[in-house]
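Could you build all of it, start to finish, from the sequences and the hints given here?
FYI, in this note's numbering the residues of the sequence shown are 3 to 222.
There could be a bad hint or two in this list.
Claimed, not checked - Computed beta-carbon distance windows for the label pairs: (1) Val-90 to Val-147: 40 to 50 Å; (2) Pro-149 to Gln-108: 23 to 33 Å; (3) Leu-189 to Asp-161: 27 to 37 Å; (4) Trp-191 to Asp-49: 44 to 54 Å.
Claimed, not checked - Straight line, CA to CA, 20 Å or less: simulated EDC-like cross-link-like pairs of lysine to aspartate or glutamate: (5) Lys-186 to Asp-145; (6) Lys-186 to Asp-110; (7) Lys-186 to Asp-114; (8) Lys-186 to Asp-148; (9) Lys-186 to Glu-146.
I should point out that these hints are in silico values taken from the structure, not numbers from a laboratory. Here the structure is a predicted model, which is why all the values come from computation and not from measurement. No residue lacks a Cβ here, since even glycine has one placed at the ideal position from N, Cα and C.
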Amino acid sequence: MIPYTCSMQLWRTMVCFALVACMGLHAGCRTRQFETEGDALRAQVLDLQDQVRDLERRERELLAELRRARAWAERREELADEDVRAFVPHVVDIQIGRLSHVRDRQGDGFGDTLVLYVQPIDSRGRFTQMVGNVIVNLAVVPDEVDPIPLGRLRFGPGDVRDAFRSGITGTHYSFEVPLDIPAKVDLDWLLTQQVVARATFVDGQTGDRHTTERVIAMQR
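Shown next, in the form of structure tokens:
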């Protein structure tokens with residue numbers, strides 16, 4: 003009986019250790035799962051907070067627009083004064099910045115995207131914001147053959163607003179236009195050419211059109 007009793011006790015002890023180990027492992031899994039779910043919830047909370055801030059900014063913008071509309075209705079005669087209108091900036095011209103360039107996004111040695119820096123100018127020759135549409139046309143105009151179109155893209159008012167940039171490259175609107183290179187065009191020859199970039203701004207408030215061009219080398 004003694005050997006049997008010892009074996010039973012040893013067996014029970016091993017079972018207890020196994021149960022404790024399993025419980026600890028299960029608890030560890032639950033803890034890790036909880037931490038993972040907690041991280042996911044925290045990420046969702048941060049994302050929702052960013053969305054709330056964006057909505058609050060949009061709400062403030064709409065309220066400001068509403069106040070402007072009410073002010074215009076209530077003070078129409080005052081706002082119609084010549085002295086007031088003279089100080090309201092309007093786009094009278096646009097320019098394509100000299101830092102505009104062709105970018106190689108694929109990394110294969112050939113430019114595939116034209117980055118255009120557009121600067122709207124007011125009557126005093128200073129930068130002013132623009133609201134409306136921007137149309138970009140690209141083409142290579144060699145002497146020996148007909149012009150080769152490389153792309154055309156239209157940017158709506160929302161795209162134009164999102165294109166605003168201000169930093170070390172100056173204040174401008176940055177537009178990226180993918181180059182649609184015809185299959186028959188020799189790429190090595192194309193690298194030696196220049197792209198004629200034409201940008202047209204259609205004022206969303208007045209309907210006025212302002213067009214400018216710039217020649218940009220295919221290869222820096």
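Comparing the hints with the structure gives:
no., hint, in the structure
1, Val-90 to Val-147: 40 to 50 Å, "holds, 47 Å"
2, Pro-149 to Gln-108: 23 to 33 Å, "holds, 25 Å"
3, Leu-189 to Asp-161: 27 to 37 Å, "holds, 29 Å"
4, Trp-191 to Asp-49: 44 to 54 Å, "holds, 49 Å"
5, Lys-186 to Asp-145, "holds, 18 Å"
6, Lys-186 to Asp-110, "holds, 18 Å"
7, Lys-186 to Asp-114, "holds, 16 Å"
8, Lys-186 to Asp-148, "holds, 13 Å"
9, Lys-186 to Glu-146, "holds, 16 Å"
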